[in-house]
Amino acid sequence: MNKKIIIKTLEKIALYLELQGENPFKVSAFRKAAAALEGDQRSLNEMEDITQIKGIGKGTAAVINELIETGESTQLKELEEKTPKGLVPLMKLPGLGGKKLAKLYQELGIDSVESLRAACLAKEVQKLAGFGAKTEEKILKELEHLGERSERHPIWQLEMIVIEINELLSNIKEVQKYSVAGSFRRVNETSKDLDFIVATDLREKVKERLLTDLAIQEVVADGDTKVSIVLDIDDPVNVDFRLVTLDEYATCLHHFTGSKDHNVKMRQLAKQQGKKISEYGVEQPDGTVQTFKSEEEFFAHFDLPFIPPTIRENGQELERLDEISQLVTLDDIVTDLHMHTTWSDGAHSIQEMGKALIERGYTHGVITDHSQFLKVANGLTPERLLRQRQEIYAFNDDHPQFRLYAGTEMDILPNGSLDFDNDVLKSLDFVIASIHSSFTQSQDKIMERLWTAIQNPYVHMIAHPTGRVIGERDGYNPDIPQLIKWASEYGKILELNANPYRLDLCVEHLKLAMEYNVPIAINTDAHAIDQLRFMDVGTKYAQKAWVKKELVVNTWSTEKFETFIRKNK
DNA sequence: GCCGTTTTCGGCCCGACTGTTTTCAGTCG
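Going by full-length UniProt numbering, the first sequence opens with residue 1, and the numbers climb by one from there.
Worth flagging that the hints you see were computed from the coordinates, not collected in a lab.
Don't take each hint at face value.
Unchecked claim - Within a straight-line C-alpha distance of at most 27 Å, the following computed BS3-like cross-link-like pairs (lysine-lysine) qualify:
#1 Lys-92 with Lys-141
#2 Lys-82 with Lys-26
#3 Lys-32 with Lys-77
#4 Lys-375 with Lys-445
#5 Lys-177 with Lys-103
#6 Lys-54 with Lys-12
#7 Lys-32 with Lys-141
#8 Lys-265 with Lys-26
#9 Lys-127 with Lys-32
#10 Lys-92 with Lys-226
#11 Lys-32 with Lys-103
#12 Lys-177 with Lys-226
#13 Lys-103 with Lys-77
#14 Lys-77 with Lys-100
#15 Lys-293 with Lys-226
#16 Lys-134 with Lys-207
#17 Lys-560 with Lys-485
#18 Lys-26 with Lys-271
#19 Lys-8 with Lys-85
Claimed, not checked - Simulated restraints, written as ranges between beta carbons of each label pair:
#20 Ile-216 with Phe-564: 48 to 58 Å
#21 Asp-423 with Ser-349: 24 to 34 Å
#22 Met-160 with Asp-201: 29 to 39 Å
#23 Ala-118 with Ile-216: 25 to 35 Å
For every residue, glycine included, the Cβ atom is placed at its ideal position computed from N, Cα and C.
Take the sequences, apply the hints, and build the full model.
Set out below in structure tokens:
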């Protein structure tokens, strides 16, 4: 029995219980059990007594054991029989939860999108206690848009919106402090909406500016401390603003950064000390409310180190406090090993990129333009590569405190061969091997191609190992555990491509790479200077996999890096 | 349904907003 199926089943039971209008604590007990199972690193076989796991008791253990033994769950079956399938999609309608849907089903027999719409049109819904004309209208409106709006937005879409909103907030003089919060701040691959925390003494003024200066499709909520809007763009995004005082800012930022699980764990911790955490501060045993200047101060109040937003996920972060100081941060990064210039498909020259790296405080960098196979990207022939190398080394003559290396992002061709022969590769400082073509080949064929690159002595790194684009395509489906084993064996670097379209390797794969001590390079793959900013996203994403700085090649000194790249020459 | 170094019963994180009410339930994050 697959652990994932058990987790899914527990979550399904929770959903159906919710649709029955069941006790919310019972519902969340099933969700907690699912989360507990997911958070446990062990496989099913390694668990002796599952009720030993916190959150799994008699009831949920019975479901799990039945699944293991028979592959089915009687409880889920009964729930599925009792609850019409058509109710499930209705849970997605904003404003409708389990209780209300249960009532609609029990009183009006509503069990589908169609019957709900018909009941609203017949004005039957507003007759129910707890419902009214406004609710009915709202349901009709939401039914029209059901399935139209994306449920989750990819990080690359949100990143651009966040830059714009940050720009707006920085230009409102009544705003004292602001930050994005929520799952975007935790650097999740996708988010349902965006949250911003804004410190101000003049809420009304700030609200006015937000409501006039943003392109708004709909104002969802407009309260004292919360403004919630839908942006009027191609793929509409919901944005919430929380307006608080400067005193409340730190706890509010913490609260709305989440995750929910992290907050619950923090509140339980506070409760043990007779304290109470809310978004407005920490209520002390004597009833006074303490506020903090920063999240650092807030954590220190509970004798905790600063816990980066990226790892505030499942409560595990509170048990791995010792490891936090070893995690890679942007401050540790001294180089970028993958970027393009006007020699291939980049927007800036070698001079411009080199200077931009120096401005970022880096000690070295590698120019890695595309190779000849990639004609659409103006890939370099060996002859052009030679000329480019002269220009790179000329840059070094003018900037003795910095070191720019000559590299390539070489294609691994569809037939499994490499785009340059060994003589060319040998003459370069740093060689990246990448797949940019024939994504639909079988896994065996893809692995054959990667194998060629791995066992070539002059290849240093495999870039964006899966070729995925978040929310768009899955990539070429390599056997990543195998690739990680090869990388470990042959001393190759695997990339974490920091471009928010890619974030490749993903968290799960990075964790596995850590187990095998495979060096990771976090690279922006910048095709223009402003894309060097992706290093921030990349390092934060790496934290999500608990990537330690020693294994991140970008933290190595120029000397250590040179030793590594020259070892096979 | 789960949990317990005050508890085997009575809590379960806490608060905002909306729409329905006329003090509150449901939903949401």
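Hint check results:
Of the pairs offered as hints, the one joining Lys-92 and Lys-141 holds, with about 13 Å between alpha carbons and a cut-off of 27 Å not exceeded. For the hint pairing Lys-82 with Lys-26, the CA-to-CA distance comes to about 18 Å; that is within 27 Å, so the pair holds. For the given pair, Lys-32 sits about 21 Å from Lys-77 by alpha-carbon distance, which is consistent with the 27 Å threshold. A distance of roughly 23 Å separates the Cα atoms of Lys-375 and Lys-445; the hinted pair therefore holds under the 27 Å criterion.
As the CA atoms of Lys-177 and Lys-103 are separated by approximately 44 Å, the hinted pair breaks the 27 Å bound. Among the hinted pairs, Lys-54 with Lys-12 is consistent with the structure: their alpha-carbon atoms are about 20 Å apart, no more than 27 Å. Of the pairs offered as hints, the one joining Lys-32 and Lys-141 is violated, with about 33 Å between alpha carbons and a cut-off of 27 Å exceeded. Using a Cα cut-off of 27 Å, the hinted pair Lys-265 and Lys-26 holds, with the two alpha carbons roughly 19 Å apart.
Proximity of Lys-127 to Lys-32 is assessed by CA-CA distance (about 36 Å); at most 27 Å being required, the pair is judged violated. Restraint check for Lys-92 and Lys-226: satisfied, since their Cα atoms lie roughly 22 Å apart, inside the 27 Å limit. Note on Lys-32 and Lys-103: the hinted pairing holds, with a Cα-Cα distance of about 26 Å set against a maximum of 27 Å. Between Lys-177 and Lys-226 the alpha-carbon distance is near 16 Å, which keeps this suggested pair within the 27 Å criterion.
The straight-line distance between the Cα atoms of Lys-103 and Lys-77 is roughly 22 Å, inside the 27 Å bound, and the hint therefore holds. Annotation: proposed proximity of Lys-77 to Lys-100 holds, straight-line Cα distance about 23 Å (limit 27 Å). Taking the CA atoms of Lys-293 and Lys-226, the gap is near 21 Å; set against the 27 Å cutoff, the hint holds. A threshold of 27 Å between alpha carbons decides the hint, and for Lys-134 with Lys-207 the separation of about 25 Å falls inside it, so the pair holds.
Taking the CA atoms of Lys-560 and Lys-485, the gap is near 23 Å; set against the 27 Å cutoff, the hint holds. This hinted pair checks out: Lys-26 and Lys-271 have alpha carbons roughly 22 Å apart, not beyond 27 Å. A hinted pair counts as satisfied when its Cα atoms are at most 27 Å apart, and Lys-8 with Lys-85 qualifies at roughly 16 Å. Look at Ile-216 against Phe-564: about 52 Å separates their beta carbons, and that is inside 48 to 58 Å.
Between Asp-423 and Ser-349 the beta carbons are some 27 Å apart, a value that agrees with the proposed interval 24 to 34 Å. In this structure, Met-160 and Asp-201 meet the distance hint of 29 to 39 Å, their C-beta atoms being roughly 30 Å apart. The hint said 25 to 35 Å for the Cβ distance between Ala-118 and Ile-216, and at roughly 32 Å that hint holds.
The structure does not agree with the numbered hints 5, 7, 9 stated previously, though it agrees with the rest.
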